[in-house]
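Visitor: Chains Z and C are the protein sequences, given in the same order. According to the numbering used here, the residues represented by the first sequence are 1 to 274, in order. According to the numbering used here, the residues represented by the second sequence are 275 to 544, in order.
Hints were generated in silico from the structure; no laboratory data involved. Among these hints, one or two may not hold up.
No farther apart than 16 Å at their CA atoms in a straight line, the calculated lysine to aspartate or glutamate pairs in the EDC-like style are these [said to hold, decoys possible]:
{"#": "1", "chain 1": "Z", "residue 1": "Lys105", "chain 2": "C", "residue 2": "Glu338"}
{"#": "2", "chain 1": "Z", "residue 1": "Lys49", "chain 2": "Z", "residue 2": "Asp253"}
{"#": "3", "chain 1": "C", "residue 1": "Lys371", "chain 2": "Z", "residue 2": "Asp107"}
{"#": "4", "chain 1": "C", "residue 1": "Lys452", "chain 2": "C", "residue 2": "Asp400"}
{"#": "5", "chain 1": "Z", "residue 1": "Lys89", "chain 2": "Z", "residue 2": "Glu123"}
{"#": "6", "chain 1": "C", "residue 1": "Lys435", "chain 2": "C", "residue 2": "Glu543"}
{"#": "7", "chain 1": "C", "residue 1": "Lys528", "chain 2": "C", "residue 2": "Glu500"}
{"#": "8", "chain 1": "C", "residue 1": "Lys438", "chain 2": "C", "residue 2": "Glu543"}
{"#": "9", "chain 1": "C", "residue 1": "Lys371", "chain 2": "Z", "residue 2": "Glu110"}
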Amino acid sequence: MRGSFRLFYIQKKKEQQKNEQNENKNNNNSIDIQRNNRSDEQFRQIFLKSGIVSQASGSCYIEIEKTKVLCSVHGPRASHKTEEFVAAKFNCELKYTTFSSSVDKYDYTENNKEKDQSLIIREALIGSVRLEKYPKTVIDIYILVLNDDGNVMVASITAASMALADAGVEMYDMVASCSSVCTKDRILLDPSYQEESLPNTTNILVAKMPALNQVTQLVQSGDLSYNTVIEAVDLNIDGCDKIYSIMKQNLIDSLEKQLKDKDNNNNNNNMDIK
Amino acid sequence: MEAFQKIHPLEFYRKFLQRSVRPDGRSLNDIRKTSISTGAITTACGSSFVKIGNTSVICGIRSEVGIPSFENTDQQTNIFVNLELGPICSNIYSSTKPSEQAMSLSSKLNSLVKRLDIPKEDFYFDQEGKVLWYLYVDIYCLDYDGNIMDASILALISSLKNVKLPRGIIENTNEYYKDTEQLRSLQINHYLFPLSFSIIEDFILSDPSNQEEQLSTSNLTITLNENFEICLLSYSGIKPISETILQESFEKLKNRIEYLKSLIDSAQEH
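Bound conformation, chain Z alone:
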């Protein structure tokens, strides 16, 4: 049945007119976007919870206001193929749910955008994992984007790194990341979906390991002057440190909770024996 009828892109007429007006304005001046309740360098509220998928080795759920991402890690587990005595294989797969965006259309099969983003996330994380510690094994990371309201890459990298920590995989450090959208004269940290889809803007993504002060991934797409790029990267690096402190705090909290639960269980078992 799927695709047997013609589809129409629908939009409210008023909005269309407004957009046309905006476009006219944009041609004359720079893009004017108002942020509600936050400044250009301010992050939205972040909610993190690790260990929520019972069937996975490690998992993490992240909410950056409306952006919702779930990540689960399987492994390190034995590789199916008989291979040489080499370091672990590291796979990463990102998938958008079909209802994750009201504008973009996603199918059940992997499209180019998802493949591209999977690779960027893999590259950002692979430097932090001690793969040589797990020969002849596979580590699989699966990421599912439930709701896309911008900054999906940062949410995914953060969730994946937390999930790896939750799975107990040996790492040099957790990877924190930060992205921004640059217009002609403004740098907007933690962009929303609306800000990401503005025309004539540049996206910058930085991922780094703050404890070692090493950058693991740097992606910039769009034209921008050299000085602005440096400025934006500096801003993003500061943003990474902020995200890192949230991740660290969350990791400590979840470990404390696990220890408490373990204690409670032990106490209960002792009670049973008596």
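With chain Z held as given, fit chain C onto it using these hints.
Guide: Leaving out everything else, chain C in the frame of chain Z:
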């Protein structure tokens, strides 16, 4: 004890079941804590999240507009349900090939949607019904710990109740606009109340967990509506099922209906 569970899982379970208790502390008839919430996905026109114990599913509905492909469309449905069991929920599923289990469950869910009796007029985009709304219901399993059937049926019914469709406007015969300030919901005349059982030897276990499903010889799923009419009854297994077992299972589900109804209704209020 953990080693014994891994090496002889069936023997391990038998020891518990003979004392009418399960390893997780439930009695044979106990159902895990069930919770339903709706409206978490802002990009979908209706959504729900259902959790039964560790098993959790998220369901989102995408709406599209189209012209019906042929006239006399009494048999045609406007709702398409799909269940995704991806590698995110459990390592037994792969991302490359769709699981057969998911496909068979999807077809069951598609047949259940027809039992809801949603009037045809509710899908009209305009006044006359020349253009219709088509709803794609996608259920993603986030954590697979058994009894995915119950979770997905509950997710399906509560997300459909959560659907908000905008008013459609057609101008110049082929310009389509939606007015997001005037939203309406679907008129759903029936409920669906599912309950699954696993049968391990002679013991009937309500709401089986993942391990219980794997050890079971047969599985039974019953779905009733609010008038105690059977919407779906599926039984699969190597042993024939007796009438008394069926009767007992019906009674168990009937006792649960009131609770499920209040869960579905209260999830809509937030």
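Visitor: Does the structure keep Lys105 of chain Z and Glu338 of chain C at a Cα separation of 16 Å or less?
Guide: holds (11 Å)
Visitor: Within 16 Å, alpha carbon to alpha carbon, are Lys438 of chain C and Glu543 of chain C?
Guide: holds (14 Å)
Visitor: Within 16 Å, alpha carbon to alpha carbon, are Lys89 of chain Z and Glu123 of chain Z?
Guide: holds (13 Å)
Visitor: With a cut-off of 16 Å on the C-alpha distance, tell me whether Lys435 of chain C and Glu543 of chain C pass.
Guide: holds (11 Å)
Visitor: For a C-alpha distance cap of 16 Å, please report whether Lys452 of chain C and Asp400 of chain C respect it.
Guide: Cα-Cα ~10 Å, so holds.
Visitor: Can you confirm whether the C-alpha distance between Lys371 of chain C and Asp107 of chain Z stays at or below 16 Å?
Guide: holds (14 Å)
Visitor: Please verify whether Lys528 of chain C and Glu500 of chain C have alpha carbons no more than 16 Å apart.
Guide: holds (9 Å)
Visitor: Can you confirm whether the C-alpha distance between Lys49 of chain Z and Asp253 of chain Z stays at or below 16 Å?
Guide: Holds - the C-alpha atoms of Asp253 of chain Z and Lys49 of chain Z are around 10 Å apart, at most 16 Å.
Visitor: Compare the distance between the alpha carbons of Lys371 of chain C and Glu110 of chain Z with 16 Å, and conclude whether the hinted pair is satisfied.
Guide: holds (12 Å)
Checked against the numbered hints given earlier, the structure satisfies every one of them.
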